[in-house]
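Knowing the structure of chain W, use the given hints to seat chain X on it.
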Amino acid sequence: MKRIFFVYLITLAAGAAFGQTAAEILRKVDENQAFQSIEYTGRMEIVLGGDTRVKTMRTWAVGDSKAFVEFTNPEDRGTRMLKLDKNLWMYFPKEQDTVKISGHLLKEGMMGSDVSYEDAMESDALLDKYSASVLREEAVEGRPAWVLELKAKVPTATYDRRLVWIDKERYVSLKGEMYARSGKLLKESRSLEVRNIGGRWYPVRTEMVNRLRKDTRTVFVLEDLKLDTRIPDSRFSMAELTK
Amino acid sequence: MNTLFKIAARNVLRNKRRTAITGIVMMFGIGLYIYADSILKGMDRMTIDNMVNYTESFLKVRTPEYVSNLQGNPLEHGIPDPEATIRKILAADPTMKAAAPRTRFVARLSNYEDEIPVLATAVDPVRDGEVLRLTDVVVQGVWLDKAEPRSVVIGADLAAELGLGLGDYVLVSASTVYENVNADEYRIAGLLAAPDPSLNKAALFMTFPDADEFLGLNGLVTEIVTAGRAYPALDALLKGADGAAASVSKALPGLQADPIRVLAQDYLAMREMKGKFSSAIILIMLVIAGVGIVNTILMAVYARIREIGVLRAYGMTAKEIRRLFTLEGLIVGAVGSLAGVLLGVAIVAVTSTYGLSFAQIVGDVDMGGIPIMDRLYGEWNFGNMVFGFLFGMFVSFLSARIPAKRAAKMQVTDALRFV
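In the order they appear, the protein sequences are chains W and X.
Its first residue numbered 1, the first sequence is counted upward by one per residue in this note's numbering.
Its first residue numbered 1001, the second sequence is counted upward by one per residue in this note's numbering.
For the record, the hints were derived by calculation from the structure and aren't laboratory data.
The beta carbon of each residue, even a glycine, is placed where N, CA and C say it ideally should be.
Fair warning: there could be bad hints in the mix.
Said to hold, decoys possible - In the SDA-like style, the derived pairs of lysine to any residue whose C-alpha atoms are separated by at most 25 Å in a straight line are: (1) K86/W x V1177/X; (2) K153/W x D1184/X; (3) K214/W x G1165/X; (4) K129/W x D1212/X; (5) K184/W x P1117/X; (6) K226/W x E70/W; (7) K86/W x T1176/X; (8) K100/W x S1068/X; (9) K100/W x Y1178/X; (10) K184/W x G1163/X; (11) K86/W x S1068/X; (12) K214/W x E1113/X; (13) K184/W x L1119/X; (14) K1239/X x D1212/X; (15) K86/W x V1067/X; (16) K129/W x K184/W; (17) K28/W x E188/W; (18) K214/W x Y1267/X; (19) K184/W x E1213/X.
What the hints assert, rightly or not - Distance windows between CB atoms, simulated: (20) E1161/X x S131/W: 39 to 45 Å; (21) T156/W x Y1354/X: 34 to 40 Å; (22) D1081/X x T156/W: 23 to 29 Å; (23) D51/W x V1291/X: 57 to 63 Å; (24) T52/W x D1081/X: 51 to 57 Å; (25) K1239/X x T156/W: 45 to 51 Å.
With the rest of the complex left out, here is chain W (with noise of 0.2 Å):
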């Protein structure tokens, strides 16, 4: 779930930047965003065209591989999601049945939302899958930042190529973007309000464009966040997704 907020601020490095090479920048984006377990309540607010529908959440996640989300707002309350490594289930408390996300429809948008249930759970980590290096340095929004360009080193990297932009002080992304191997744009990413918890900046208001639909984006609000707290084991489980 972590992967919402800051899968586009994990770079990976090549060459000389500045002083800095690629691969210390992301050491110290790293730094920034490492971390043992997480624990937010979370809103999606999903633009479409006119409309906007918001759906909370309280999630929980220990590493990369286990994630556990409570939707809360009325129309999806008791929805949960469970996700252990690669595997997704979702349960409906109106039907009580529990479906397992798998193929395609890891692709789609979450709760109709512009972010895939794959961006939402990826795990793997970007280091070994993209080769980086630095573009050039840009201000974004007033604050200065390095543009990476990251290419997937192997074909099973979520995307082709991606660009980040990362603050040149708080080593966090400040916009990210998105592209297919056919060079077509897919999504962006800006980060729109980065908070200092516990000595690490974080990016907590998160908005994600799908490129491939009109008059549509996603805001992602973390609040309530809590970094490295310890979770039970049961929480990962069936039992507390059907309980």
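For chain X alone, kept in the frame of chain W given last:
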């Protein structure tokens, strides 16, 4: 018996109106039964033919792993060495006429405003044309064999929904074999209007070279579709495909050959339910006809009680009286049943020749994915016509027995005194 038959025939003719009413009820009951059966059989034939010709084919070869993950249309569990497999399929059974590789995947079509999910298929356009008849239903533009590279053929309804036309570019996005998303623009080379609405509303076809570049298929073939020989009747087609699938399965250990009976199992299960439903309707119709016969014969009995007394007084036995009234019922039943069969034959002759517009029959009702949308032709079923006639006679016999028994039980004196 001959005399009894003559008396019965005269009595039937004497009560012309009553006989006519009962006969007409039977005629419509049996005629509609034959018509309904013909239409249902025609619907079955057309549905299965459409599946064989446009979507599923005669039999399909896939890996068991692919079949067990069918719902996700995964880009994995492909057929190893598809070309060798095709050669083995064609050699496995003399009914196999052609085979073609296909790879199905889920994609999204976008005009940069709206996105619509579609079931996409990578095809070898020439060989696919030898198996399925999609080339026949390209209503605008061309099939992929005559199209430029980086072209797609999509359903006409789908294009209309996206506000796109021939020659426009459509953005296609899909998961590749590496489970990442790719998106690219393709030119619309052809529009399909097939008898199967699912093709028109949510189908996209592209060539293997384009799909390879788009999805990184690297030779992945998820299924092989096949064409078998032509069969005149539906049951023969189903049995023929079953037999061919058995031969192909034997020749291809490790692969699964599913005949059209398996590929169309959802429809066939629905057809079985439909059969039960139509049987219930027919039963109700014949019960109504039976009640008509009971009523006619009972009326005849009560109208002629004095006559029965006279007949008994002249020495006719109770058994002969029972036979007489049973014969009267059977004559009415025979006339009604024969008229019903003739009516059915006439209707089937018209519907099997000229067909019926499917839209006229079902209106705008969504048929839940039944792959029929053009004209529906009735099917001849002579066995069922004979059955309809015999069933009518049987119902008439049973219906006539009740009043006939009552007539036979009457005492001579009571009958003569009856006013």
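Violated constraints from the hint list, given by number and in increasing order:
14, 18 and 21
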